[in-house]
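J.: Residue numbers (our numbering), protein chains in the order written: chain A, 483 to 637; chain B, 669 to 792.
Check before you lean on any hint, since a few could be wrong.
[Claimed, not checked] Chain B is nowhere near these chain A residues, computed Cβ spacing over 12 angstroms in every case:
1. Gly530
2. Ile620
3. Glu623
[To be verified] Covered stretches of chain B (chain A as the covering partner; in silico rule of three or more C-beta atoms under 8 angstroms from a C-beta of chain A):
4. 680-687
5. 726-740
[To be verified] In silico DSS-like pairs for lysine-lysine, Cα to Cα no more than 30 angstroms straight-line:
6. Lys753/B x Lys527/A
7. Lys556/A x Lys596/A
8. Lys556/A x Lys753/B
9. Lys756/B x Lys527/A
10. Lys612/A x Lys710/B
11. Lys612/A x Lys694/B
12. Lys753/B x Lys596/A
13. Lys560/A x Lys753/B
14. Lys596/A x Lys710/B
15. Lys596/A x Lys763/B
16. Lys753/B x Lys763/B
17. Lys527/A x Lys688/B
18. Lys527/A x Lys612/A
19. Lys631/A x Lys776/B
20. Lys626/A x Lys555/A
21. Lys756/B x Lys596/A
22. Lys612/A x Lys784/B
23. Lys742/B x Lys596/A
24. Lys527/A x Lys710/B
25. Lys763/B x Lys710/B
26. Lys560/A x Lys756/B
Worth flagging that the hints you see were computed from the coordinates, not collected in a lab. Even for Gly, the Cβ is constructed at its ideal location relative to N, Cα and C.
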Amino acid sequence: MVVWKKLITPVDATDKTPYQRSFYVEGGNFTYAGIVSTSIKSILKQMGLPADVVRKAAIVSYESEINIVSYAKKGVIKLTVDSQTIQIEAIDEGPGIPNIDLAMQEGYSTADQKIREMGFGAGMGLCNIKNYSDTFNISSEIGKGAFLKMIIDRH
Amino acid sequence: MKLREVKEILDAEVIIGEDKLDLEVKTAFGADLMSDVLAFAKAGSLLLTGLTNDQVIRTADILDIAAIIMVRGKRPASEAIVLAKGLKIPILTTKYILFETAGRLYAKGIVGCLEKVDNASGRN
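The task is simple: from the sequences and hints, build the whole structure.
T.: Below you can see the structure in the form of structure tokens.
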């Protein structure tokens, strides 16, 4: 409990000292796909944030995590919570996204069978991320990786 | 309706969550595509699915799904059982197909998380 108090106090007090934590995500390792988002959800819940806000953050984190596992070599999911927002950044090292407009189109997917067997890869992930974020940014460099930033308002 | 009643209606076997049968449920969502579940399912609903892997459990956890109903007699893999136990998510398995499962629950008053989507692209 003491540990959580340490996490929670600065977040609730002021955005000058936001809560920040980074999580490593291994590409191609489907066994643990989702474990980071489960942790993020539980952290946000313990901070006492509203259920619908926690849910939105958990969904965008989870879809981003699935994307890293599915397409990248490795990546990091960075969680930042300040007094106004929850920010989730998904930064990966991988092939990148050749055509972002196309990737954002619902139903467009380059997923293989393994991803589809998990119940993903139907070309909805990025749309879900965008829809559940209050602010959404995506950029990519071919051969280097992709960068997603999602902001969810706390109120 | 209580989860216990869902179990009876579906002649289901409780794989995890024997202690959670008093849980109250009103709505359900059925799909094998987890991105659709993430897009549409509401907290506290039943998730009817034929998928049995870890991602179903993770998806249910992310969305605060009340219980997972595996249809067509599907059973979770052992890793998924461990995960669901850890996350305290009830899993029931029924031999009814998805259509029958949904129909039987609907006939007894369980409704969908949403009736239909808003537009052609399937967004609500």
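J.: Could you run down the list of hints and mark each one as holding or not?
T.: Structure-based check of all given hints:
At roughly 16 angstroms from the closest C-beta of chain B, the C-beta of Gly530/A stays outside 12 angstroms, upholding its exclusion from the interface. The beta carbon of Ile620/A is kept farther than 12 angstroms from every beta carbon of chain B, the shortest such distance being approximately 17 angstroms. With a closest Cβ-Cβ approach of about 25 angstroms to chain B, Glu623/A is found to remain outside the 12 angstroms limit, as its non-interface label requires. Counting residues of the stretch 680-687 of chain B whose CB falls under 8 angstroms from any CB of chain A gives 0; the rule of at least 3 is not met.
Counting residues of the stretch 726-740 of chain B whose beta-carbon sits less than 8 angstroms from any beta-carbon of chain A gives 6, enough to reach three: the coverage restraint holds. Distance restraint check for Lys753/B and Lys527/A: the Cα-Cα separation of roughly 19 angstroms lies within the 30 angstroms cut-off, and the hinted pair is therefore satisfied. With a C-alpha separation of about 17 angstroms, the suggested pairing of Lys556/A with Lys596/A holds against the 30 angstroms cut-off. Restraint check for Lys556/A and Lys753/B: satisfied, since their Cα atoms lie roughly 28 angstroms apart, inside the 30 angstroms limit.
For the given pair, Lys756/B sits about 16 angstroms from Lys527/A by alpha-carbon distance, which is consistent with the 30 angstroms threshold. Under the criterion of a C-alpha separation no larger than 30 angstroms, the hint pairing Lys612/A with Lys710/B is consistent with the structure, at around 18 angstroms. Between the alpha carbons of Lys612/A and Lys694/B the distance comes to roughly 28 angstroms, so the proposed pair stays at or under 30 angstroms and holds. At roughly 25 angstroms between alpha-carbon atoms, Lys753/B and Lys596/A fall within 30 angstroms of each other, so this suggested pair holds.
The hinted pair formed by Lys560/A and Lys753/B meets the criterion: a straight-line CA distance of about 27 angstroms does not exceed 30 angstroms. Between Lys596/A and Lys710/B the alpha-carbon distance is near 27 angstroms, which keeps this suggested pair within the 30 angstroms criterion. A C-alpha spacing of about 26 angstroms is found between Lys596/A and Lys763/B, which places the hinted pair at or below 30 angstroms, so the restraint holds. The hinted pair formed by Lys753/B and Lys763/B meets the criterion: a straight-line CA distance of about 22 angstroms does not exceed 30 angstroms.
This hinted pair checks out: Lys527/A and Lys688/B have alpha carbons roughly 21 angstroms apart, not beyond 30 angstroms. This hinted pair checks out: Lys527/A and Lys612/A have alpha carbons roughly 22 angstroms apart, not beyond 30 angstroms. Taking the CA atoms of Lys631/A and Lys776/B, the gap is about 44 angstroms. The hint is violated against a cut of 30 angstroms. For the suggested pair Lys626/A and Lys555/A, the alpha carbons sit about 10 angstroms apart, so the restraint of at most 30 angstroms is met.
In summary, the hint linking Lys756/B to Lys596/A is supported, as the alpha carbons are separated by about 27 angstroms, within the 30 angstroms threshold. A hinted pair counts as satisfied when its Cα atoms are at most 30 angstroms apart, and Lys612/A with Lys784/B qualifies at roughly 21 angstroms. For the proposed pair Lys742/B and Lys596/A, the alpha carbon gap of about 19 angstroms is at most 30 angstroms, so the pair holds. In summary, the hint linking Lys527/A to Lys710/B is supported, as the alpha carbons are separated by about 17 angstroms, within the 30 angstroms threshold.
The suggested pairing of Lys763/B with Lys710/B holds, with an alpha-carbon distance near 25 angstroms, which does not exceed 30 angstroms. Taking the CA atoms of Lys560/A and Lys756/B, the gap is near 26 angstroms; set against the 30 angstroms cutoff, the hint holds.
Checked against the numbered hints listed earlier, the structure breaks hints 4, 19; every other hint is satisfied.
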